[in-house]
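Take these sequences, add in the hints, and give me the full structure.
Protein chains: 2
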Amino acid sequence: MTAYHPLTEAEAVDIARSLDNLFSPGTELTCNEIGDGNLNLVFHVTEPATGKSVILKQALPYAKVVGESWPLSLDRARIESEALIVQGRLAPGLVPEVYLYNPDLALTVMEDLSDHTIMRKGLIERIVYPRFADDISTFLANTLFFTSDLGMNQQEKKLQLKSFINPDLCKITEDLIFCDPYRDADTNSFEESIRDEAEALWSDGALHLEVALLREKFLTSTEALLHGDLHTGSIFARPDSTKVIDPEFAYYGPMGFDIGAVIANLLLSFAAQEHWSGDEAARKEYRTFLTGAVQGVWSGFESKFRALWNEHGSDPMLQRAPGFQDLYMKRLLQDTAGFAGAKMVRRIVGLAHVADIDTIPDAAVRERTQRLALAIGKTLIKRGRQTESIEQIVDIAVSETAQ
Amino acid sequence: MTAYHPLTEAEAVDIARSLDNLFSPGTELTCNEIGDGNLNLVFHVTEPATGKSVILKQALPYAKVVGESWPLSLDRARIESEALIVQGRLAPGLVPEVYLYNPDLALTVMEDLSDHTIMRKGLIERIVYPRFADDISTFLANTLFFTSDLGMNQQEKKLQLKSFINPDLCKITEDLIFCDPYRDADTNSFEESIRDEAEALWSDGALHLEVALLREKFLTSTEALLHGDLHTGSIFARPDSTKVIDPEFAYYGPMGFDIGAVIANLLLSFAAQEHWSGDEAARKEYRTFLTGAVQGVWSGFESKFRALWNEHGSDPMLQRAPGFQDLYMKRLLQDTAGFAGAKMVRRIVGLAHVADIDTIPDAAVRERTQRLALAIGKTLIKRGRQTESIEQIVDIAVSETAQ
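Residue numbers (the UniProt record's numbering), protein chains in the order written: chain A, 1 to 403; chain B, 1 to 403.
Hints may be right or wrong, so weigh each one.
The list cannot tell twin chains apart, which means a pair is met if one copy fits it or any two copies do.
Claimed, not checked - Here are the simulated PhoX-like cross-link-like pairs (lysine-lysine), alpha carbons at most 20 Å apart as the crow flies: (1) Lys382 to Lys217; (2) Lys330 to Lys304; (3) Lys171 to Lys121; (4) Lys243 to Lys304; (5) Lys243 to Lys121; (6) Lys217 to Lys158; (7) Lys243 to Lys52; (8) Lys217 to Lys243; (9) Lys121 to Lys330; (10) Lys330 to Lys217; (11) Lys243 to Lys382; (12) Lys217 to Lys171; (13) Lys52 to Lys162; (14) Lys162 to Lys217; (15) Lys162 to Lys284.
Hints are computed from structural coordinates only; laboratory data are not their basis.
Right, here's the structure in full:
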């Protein structure tokens, strides 16, 4: 059982049974493989007698993206497992608990969160998550601060950075977010109705300059250990609970990429409210929840991050230089705006779309939504470096909608 | 002989003799240990019959700095050897050739350059190096471009970055350049006559902000594989030849740190011309050589780097985004100015000084020189982010001298 091979359900049960203090000895366990089979096997093992359960996630040595399989390092299972452990230590209760990591099998055994809903699904159902902004801003502030040179020993940070070098998964981001949408690439995917928008992206020099700056920052900045793929499909939510999952893209990069990912996905849902069968007041109310969440994510992040810095900052120069913190926070906001925009654009014309928009049944409404999301995304990218406040980001979304 | 131990001269000869195609079989070899014994053993092995020779450099597991020995990873020998090999491939003829690297012994066997002079010594003797600006700008352009995301595959760069993680040596830089001079640290070393200058550094908030920004860039930017310690004591020079040695501080960092190191050391020599027993015209002539070199290093670097980018740039976004190259080059110049300033300040009040200034015999002249070097350094740091041209950097040196 130690050499790598895709596990069977029976083997998954045996591994689950071997965990200490989880299931009762000799009890019956059931198992379902619930993954989508593209990147990982995901086994859900349950003890029917008590309802106790556990998740086994095993990486597959290939990814079914771009229509065919391409080889992908099993090392991402190690990165995911180690990132979950780091994040769980820094943001307790906001990620699934890891019970076991087996490097030979590229297997992580972790807490079952099936009492939560994938947040993207919840947003499509227009569920309000009153805890979300507070929880995710705690997750962002704690994980980003304490893995950065501001909040950890600079020499230990270099060793941690080394163990999170993640070329395969970073390449996916570099290609699909910071390159392909801006040229006529085979990987792009968009509806013919918005071909004019796609072609405009390919020839917009001013946009390319800003995307190049964002791409370069993604390639060369090692501010903190990022989740690396923090969209609403990587978040399990309940109105009273938030759990961040799937950090297999974790690497040392610019903080604004994680914050921007959250904001981009809230704004994609904001755009998707074009599709609304109910009354206008209800649509407005849900959009107000979403823009409030955008504002709450940033302002919660900013105040918590500054508080951690003031209380736990350990760098002798960065801690006391007058004005440095203010400059740093402004740069983070500007990065956040730009990365949010890039994350929105790729979801409309790039390889991977979002269900919030793709599931809108009416073609005309879907097209209007796509054009709106692109307009917001492009403006965020172009104005990123001039952003002075989170209100300006919200204003872009609101004013593009009014046009 | 494979387990690590400091080599004897007899062992060094045996290793030299075992090299293929260097010395004649059975010939007599002589050996001298010529290192300063603080960080490394350096054996000079010569074949008197022919004059052929070789250098064996072995890292010691400690460093005698700060007055007592502190442990230092032998891994720096691997880093130095691997950096020399990378640099030799990218900038042929501008670094010593590596004949052998033995990881167990932390030993690099390399080309003997004793027909060259350490450039700092040459500058103190007021030797003119007409090839220097052209050679060092080629070294900088080639090594920095082809190890960056602009000039090499982005995934291979991540693996190379991983193998050049260098916490011990980076810590020396972080402490001695980007921290200690700006507070009353035990490691600082300065003459009582300029205590007012040192205390002014400790309380200058505007300066601390700029140093914090430079420190943060040193900690988090992975633009390219740097030499990491490119002062004129790391350069062997002849009027017709330039060789860069000792890259044990190599790591992935901001390009401006290497370029700034070269410029800082030229400007330290510029300041040291306060000491001059000859006529004023000759002093002016040597200063003109030095400021010409400063200008030539940057303009040579800039034109060669842009040419490499235009011809060999491989990144699909960074290559073609309109205006990106211009923004990038301006940022490099600004980083260069700031890092040059930080490198000058630490040489006056920090732990490690430069012989150019410390060997000035007259105390009053030495003090005037130190104040001048500090004035240039501080102004470079404070104006760094506003720098628009290399002429502005030269103007700072010239106008501070005129005051």
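Now for the hints, and whether the structure bears them out:
no., hint, verdict
1, Lys382 to Lys217, "within (15 Å within a copy, 24 Å between copies)"
2, Lys330 to Lys304, "within (15 Å within a copy, 34 Å between copies)"
3, Lys171 to Lys121, "neither (27 Å within a copy, 47 Å between copies)"
4, Lys243 to Lys304, "within (18 Å within a copy, 50 Å between copies)"
5, Lys243 to Lys121, "within (14 Å within a copy, 62 Å between copies)"
6, Lys217 to Lys158, "both (18 Å within a copy, 14 Å between copies)"
7, Lys243 to Lys52, "within (18 Å within a copy, 68 Å between copies)"
8, Lys217 to Lys243, "neither (28 Å within a copy, 33 Å between copies)"
9, Lys121 to Lys330, "neither (32 Å within a copy, 46 Å between copies)"
10, Lys330 to Lys217, "both (16 Å within a copy, 16 Å between copies)"
11, Lys243 to Lys382, "neither (32 Å within a copy, 45 Å between copies)"
12, Lys217 to Lys171, "within (14 Å within a copy, 24 Å between copies)"
13, Lys52 to Lys162, "neither (37 Å within a copy, 42 Å between copies)"
14, Lys162 to Lys217, "both (18 Å within a copy, 18 Å between copies)"
15, Lys162 to Lys284, "neither (47 Å within a copy, 49 Å between copies)"
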